[in-house]
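Given the coordinates of chain A, work out where chains B, C and D with the ligands should sit on it, guided by the hints.
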Amino acid sequence: MPEFQKNYTVRRVEHFEANIVRLSLDASDIAAVARPGQFVMVACGTGQDPLLRRPFSIHSRYPDGGIQLLLRVVGRGTAMLAETAVGQQISLVGPLGKGFGIPPDGEVCLVGGGIGCAPLFFLAQWLVEQGVFPLVLLGAGSAGEHAALVPGLRDLGCAVHVSTDDGSLGHHGFVTDLLPALSGKVQKVYACGPVPMMAAVARFCGDRIACEVSLETHMACGLGACLGCAIPIPGRTDAYRHVCKHGPVFQATEVVWP
Amino acid sequence: MPEFQKNYTVRRVEHFEANIVRLSLDASDIAAVARPGQFVMVACGTGQDPLLRRPFSIHSRYPDGGIQLLLRVVGRGTAMLAETAVGQQISLVGPLGKGFGIPPDGEVCLVGGGIGCAPLFFLAQWLVEQGVFPLVLLGAGSAGEHAALVPGLRDLGCAVHVSTDDGSLGHHGFVTDLLPALSGKVQKVYACGPVPMMAAVARFCGDRIACEVSLETHMACGLGACLGCAIPIPGRTDAYRHVCKHGPVFQATEVVWP
Amino acid sequence: MIVHATNSTPDLHVQIGTLKLDNPVMTASGTFGYGAEFAGLLDLSRLGAIIVKGISLKPRAGNPPPRIVETACGMLNAIGLENVGLERFLVEKMPYLRQCGTRVIVNILGDTVAEYAQLAGRLAGVAGVDALEVNISCPNVDKGGVAFGAVPEMAAAVVRAVKEHAGQPVIVKLSPNVTDVALMARAVEDAGADAVSLINTLIGMAIDIHARRPKLANRTGGLSGPAVKPVALRMVWQVAQAVRIPVIGIGGIATAEDALEFVLAGASAVQVGTANFYNPRAAEEIIDGISAYLGQYQEPSLAAIVGTLRHD
Amino acid sequence: MIVHATNSTPDLHVQIGTLKLDNPVMTASGTFGYGAEFAGLLDLSRLGAIIVKGISLKPRAGNPPPRIVETACGMLNAIGLENVGLERFLVEKMPYLRQCGTRVIVNILGDTVAEYAQLAGRLAGVAGVDALEVNISCPNVDKGGVAFGAVPEMAAAVVRAVKEHAGQPVIVKLSPNVTDVALMARAVEDAGADAVSLINTLIGMAIDIHARRPKLANRTGGLSGPAVKPVALRMVWQVAQAVRIPVIGIGGIATAEDALEFVLAGASAVQVGTANFYNPRAAEEIIDGISAYLGQYQEPSLAAIVGTLRHD
Ligand SMILES: Cc1cc2nc3c(=O)[nH]c(=O)nc-3n(C[C@H](O)[C@H](O)[C@H](O)COP(=O)(O)OP(=O)(O)OC[C@H]3O[C@@H](n4cnc5c(N)ncnc54)[C@H](O)[C@@H]3O)c2cc1C
Ligand SMILES: Cc1cc2nc3c(=O)[nH]c(=O)nc-3n(C[C@H](O)[C@H](O)[C@H](O)COP(=O)(O)OP(=O)(O)OC[C@H]3O[C@@H](n4cnc5c(N)ncnc54)[C@H](O)[C@@H]3O)c2cc1C
Ligand SMILES: Cc1cc2nc3c(=O)[nH]c(=O)nc-3n(C[C@H](O)[C@H](O)[C@H](O)COP(=O)(O)O)c2cc1C
Ligand SMILES: Cc1cc2nc3c(=O)[nH]c(=O)nc-3n(C[C@H](O)[C@H](O)[C@H](O)COP(=O)(O)O)c2cc1C
Ligand code: FES
Ligand code: FES
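Residue numbers (the working numbering), protein chains in the order written: chain A, 1 to 258; chain B, 1001 to 1258; chain C, 2001 to 2312; chain D, 3001 to 3312.
No wet-lab data here; the hints were simulated from the structure.
Idealized CB from N, CA, C, for every residue including glycine.
Among the hints, erroneous ones may be present.
[Claimed, not checked] List of simulated lysine-lysine pairs, DSS-like, C-alpha gap at most 25 Å:
1. C:Lys2143 to C:Lys2163
2. A:Lys245 to C:Lys2163
3. D:Lys3143 to D:Lys3058
4. D:Lys3020 to D:Lys3143
5. B:Lys1098 to B:Lys1245
6. B:Lys1245 to D:Lys3058
[Stated by the list, open to error] If you anchor each label on the Cβ, the simulated ranges turn out as follows:
7. B:Gln1005 to A:Arg12: 35 to 41 Å
8. D:Val3126 to B:Asn1019: 35 to 41 Å
9. C:Tyr2096 to A:Glu14: 53 to 59 Å
10. D:Gly3040 to C:Asp2011: 55 to 61 Å
11. B:Gln1005 to D:Gly3167: 44 to 50 Å
12. D:Arg3212 to C:Tyr2096: 38 to 44 Å
13. A:Ala79 to B:Phe1004: 22 to 28 Å
14. C:Gln2015 to A:Gln130: 54 to 60 Å
15. A:Glu17 to B:Asn1019: 39 to 45 Å
16. A:Gly167 to B:Asn1019: 55 to 61 Å
One chain only, chain A, in its complex shape:
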């Protein structure tokens, strides 16, 4: 599968509540080959500090050709990216990793928490292209954080249910509280967000419902070379899997949950 290392021009920068920023990049070559769940490694700042690229999921395929990233400022690298101005160039390497698997016949549900929702939009775009209209459950701290995703998902034709930690929108509580109300017809759940949330989704799905999750670890290369992104394999102590290469999307049953 083709991979690119290039500078791309920032076409648009949108700032949302809770330090969330959406960058639109003219990366039409990446857009042409990427699958939902794949990520790019992004260079941050002007010098060699920070040294390493940061991994970000591809958030959407942008209408005019190109991709979007949805990121939350949590540290130095993301703070620098948030300062990017329209017209500046950003260096990406990607698309990398294994994306989400194809949907089954039947109903499909996406569950996202916090900034973990980022790849779900691209996933929804892709499912809708195949005629699959997923039910989307999204959790966030408060109403404002939903602004970046919910309108777009509804425009795609998806049913969206939201929760907030502070009760300012939708269900007051965890997004996983919404799971028991799911129709029995759901054949597959795609989940993405904080580990405790994904663990709860995985428990809910058990062996009954297929469940894919997207994991995050610190990464140096994103290419399978540094072996820095190791995660344990259930029932084994003699080997690890690597999130950048074997993932970031895994079957929930392949993951050691806390």
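Leaving out everything else, chains B, C and D with the ligands in the frame of chain A:
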């Protein structure tokens, strides 16, 4: 003398030929106390690389309160400063060092070469305030490089003669070629630019004419603490002087010329 | 600044024992996987050599995560020498490497002198393995965990054992965590090494002040990247003056300028490590930059400038 | 992220032998001049201590320029221990330092054991000199230039001589350019040191590829700054486990987070070096940040968290 370590807002960014950039900063506190020939240490880039601040002469006292820097892009730090946008903040430490000495009764001449001309504008402002209208001799690679300084100096009321290496403006050759034509009434020369140019000026002045020069060395602190900016003292091997503290302005006779 | 020259391309070849490389730029062990990982992003056939991730007799799982931390202009890693083991390496990785169009150097590591000897013996006849690089930074389990790389006699014992069994040139990779790296270099030269490469990583640490725990599960890790370049360059310069065998420079090399510093200091070749992670094209860019530099200064060959640092 | 707490200010004091510091943040030798250089930019009286530029018996001119080079997240210096010499220091610098309102520690260096002893003897009775820091990274001229700091017996000899003549607590500053820093620390502890400080600079080099010369006139220099922090932290952690005397952490400390990493690793106090150059306010910011951290975690004192790193 007061010193400041602060972030200042960039009010204006002007790009000239030959990679020359003029930054206007709202540093009115520095402007209020600075003397011509003093410098500021400027932080470059977004991270810890480049690590050290870069020294720049104060180029002018800005009309609305504040200072200007005139810089040429020669490496990483200056390239980053050249990318600064209006409204961004830049961290300065200063004003630092010893400035130019007071003018004598009689005629005064300023000689500048290349980007070394930067501090001469502030010096001219200061001299004119005291009713001294210096003759200014400026050398540059080609005509375009004179655009940042010559009009302003003429507006101040100074007579300006220029030279260019390529003959595109004024005398075709070295600025020091213009020295022999100086009036015998010149009592003091202030020079700033490449070392060979300053050496020629110093030779020309000999013991007849007082001559002050502004030197450049690599600096880590600009404060007299690191002892990195050492230069030899004529006739001594047991000690060095430090450009940031004993200078950057020296009597030409205090300098070991190549 | 390196400007491109128009005249004939300079000769970049490097001779290391019986091994001839087309150019001096190799990818460092542990930073380039088994080659295939980078195939989509640069032309593997242009590399001077690929040095594969350190191989042990048996597969190793490596250390538990977290295994990497970013530091100022560098990174710490505590991968713990995770690798597929010699047999799977030969079956799963060598076929791909053999057809890459570049030299392949196998980095080997053991817990005992006997293991190093066995690895060398087993690799001796393997087609496509062009040289061995002996990683002596591992702790010697027989000697209570003191690193082979910190004691001249222990390093020499490893090298003698490897040389006895090896069928290819033997490069010995030196640790920088020693008082006198030139002493180590002479010890392995006397023991028969065909070349030395340096530096491996400096031992470092990082702490999460909120969790009050080391950021690496292994507590300490190896520091690499541009941060270590000045130390690496100094050691290469010292070693180049102390030995007659070729010296291969490693440590923070990210640009052609960096590589050329090592060459002028006395390195016949270089390895690019951490830079591969943030600039997968780094090695190719460095080859082009070295050519351009030689062209700019009208040097006929790389060999002509090795160790030509002036210090008067 | 450190958030400011509202409750009573935590106790930051540090005891080093008979010396009590109000807080653990000192400015490192050679990076803060003789104090006065920074007076316009921060409140000197807030510092835990000022450690002055290394003083020798006779004035030293230092190395010819160029003396400094910037490196990735660090710098190399080859100042060559330029200093005004003991007598001028006492006459020209001590009067100012005495009235700064902070502790003053004098860093000393000699070419022979006798010189160290003489320096300690001469400083013993001087009012306002609160402690000595012994820089053992200098080459021993009597022993052919091998650094005192690289051989345990030589370091111990210096320390014994200094202790015999000193009137103040003696801190011994360790070099990182050794295989086993804990061994050096134990040697100087056994010889009577009241505390150890580490690290001094790592030896490094940089080359101008166009001039084909070292960038420093002295060829090699000392690497400092954020680049070295991981190595410094690892060494402090090792030494803190090996000795009973207080350990003072140095190396790339630029923020309170950095300082706290060293404290958790076992440092009773820290020194801020290169950071003073690019952030003259660094030491003051670090003091405030440490207070805020202790407040945030409701720790009564700095002492309560020294060496509390968990490694299970
Ligand atoms: C496959 C993948 C996809 C991701 N997609 C997104 C996304 O779409 N939107 C988004 O906002 N974030 C995403 N993240 C998380 C994002 O990579 C981190 O928030 C980011 O690296 C933090 O960088 P920083 O410099 O701001 O933080 P710092 O804490 O200053 O970073 C220090 C180091 O830790 C690493 N790091 C810190 N947090 C994380 C984390 N959660 N995951 C991985 N590395 C981390 C950094 O990469 C860096 O190497 C993704 C992570 C992975 C692994
Ligand atoms: C007192 C003083 C006043 C100066 N005033 C001006 C001015 O008004 N306008 C202007 O354009 N330049 C001026 N300079 C030169 C300016 O400091 C350098 O051009 C700048 O530091 C280069 O930084 P860089 O990162 O772009 O270059 P790099 O070469 O990438 O810098 C690498 C290192 O070398 C140092 N360095 C490189 N060149 C010089 C130099 N000529 N002088 C000092 N340090 C250098 C840098 O500070 C840095 O530490 C002045 C220098 C001094 C000492
Ligand atoms: C993630 C990682 C893994 C490494 N694994 C090995 C290894 O298996 N064997 C080895 O000899 N060196 C290994 N090294 C060391 C590198 O080959 C190299 O010597 C070191 O990183 C310094 O070079 P650099 O600064 O260019 O990265 C590894 C380095 C890194 C960063
Ligand atoms: C320019 C400079 C001069 C120094 N001079 C001395 C000195 O005279 N005596 C000494 O013991 N250490 C000296 N050092 C070492 C520092 O005190 C400190 O140990 C080292 O720089 C590491 O800390 P840092 O990374 O915070 O700078 C000097 C360091 C620098 C950068
Ligand atoms: S991030 Fe390097 S192997 Fe996964
Ligand atoms: S630049 Fe530090 S003493 Fe002059």
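Hints versus structure:
A hinted pair counts as satisfied when its Cα atoms are at most 25 Å apart, and lysine 2143 of chain C with lysine 2163 of chain C qualifies at roughly 21 Å. Between lysine 245 of chain A and lysine 2163 of chain C the CA atoms are separated by roughly 36 Å; this puts the pair beyond 25 Å, and the hint is violated. A C-alpha spacing of about 20 Å is found between lysine 3143 of chain D and lysine 3058 of chain D, which places the hinted pair at or below 25 Å, so the restraint holds. Proposed proximity of lysine 3020 of chain D and lysine 3143 of chain D is contradicted: the alpha carbons are some 36 Å apart, above 25 Å.
The suggested pairing of lysine 1098 of chain B with lysine 1245 of chain B holds, with an alpha-carbon distance near 7 Å, which does not exceed 25 Å. With a C-alpha separation of about 23 Å, the suggested pair lysine 1245 of chain B and lysine 3058 of chain D falls inside the 25 Å cut-off, and the hint holds. The hint said 35 to 41 Å for the Cβ distance between glutamine 1005 of chain B and arginine 12 of chain A, and at roughly 36 Å that hint holds. Here the CB-CB span from valine 3126 of chain D to asparagine 1019 of chain B is close to 54 Å, at odds with the stated 35 to 41 Å.
Checked against the hint of 53 to 59 Å, the pair tyrosine 2096 of chain C and glutamate 14 of chain A fails, with Cβ atoms roughly 43 Å apart. For glycine 3040 of chain D and aspartate 2011 of chain C, the hinted distance range of 55 to 61 Å is satisfied, since their beta carbons lie about 58 Å from each other. The hint said 44 to 50 Å for the Cβ distance between glutamine 1005 of chain B and glycine 3167 of chain D, and at roughly 37 Å that hint is violated. At roughly 40 Å, the beta-carbon separation of arginine 3212 of chain D and tyrosine 2096 of chain C lies within the given 38 to 44 Å, and the hint holds.
Between alanine 79 of chain A and phenylalanine 1004 of chain B, the C-beta spacing of about 25 Å keeps the proposed range 22 to 28 Å intact. Taking the beta carbon of each, glutamine 2015 of chain C and glutamine 130 of chain A are about 58 Å apart, inside 54 to 60 Å as hinted. The beta-carbon spacing between glutamate 17 of chain A and asparagine 1019 of chain B, approximately 41 Å, falls within the hinted interval of 39 to 45 Å. Under the hint 55 to 61 Å, the C-beta atoms of glycine 167 of chain A and asparagine 1019 of chain B, about 56 Å apart, fit the expected range.
The earlier numbered hints that this structure contradicts are 2, 4, 8, 9 and 11.
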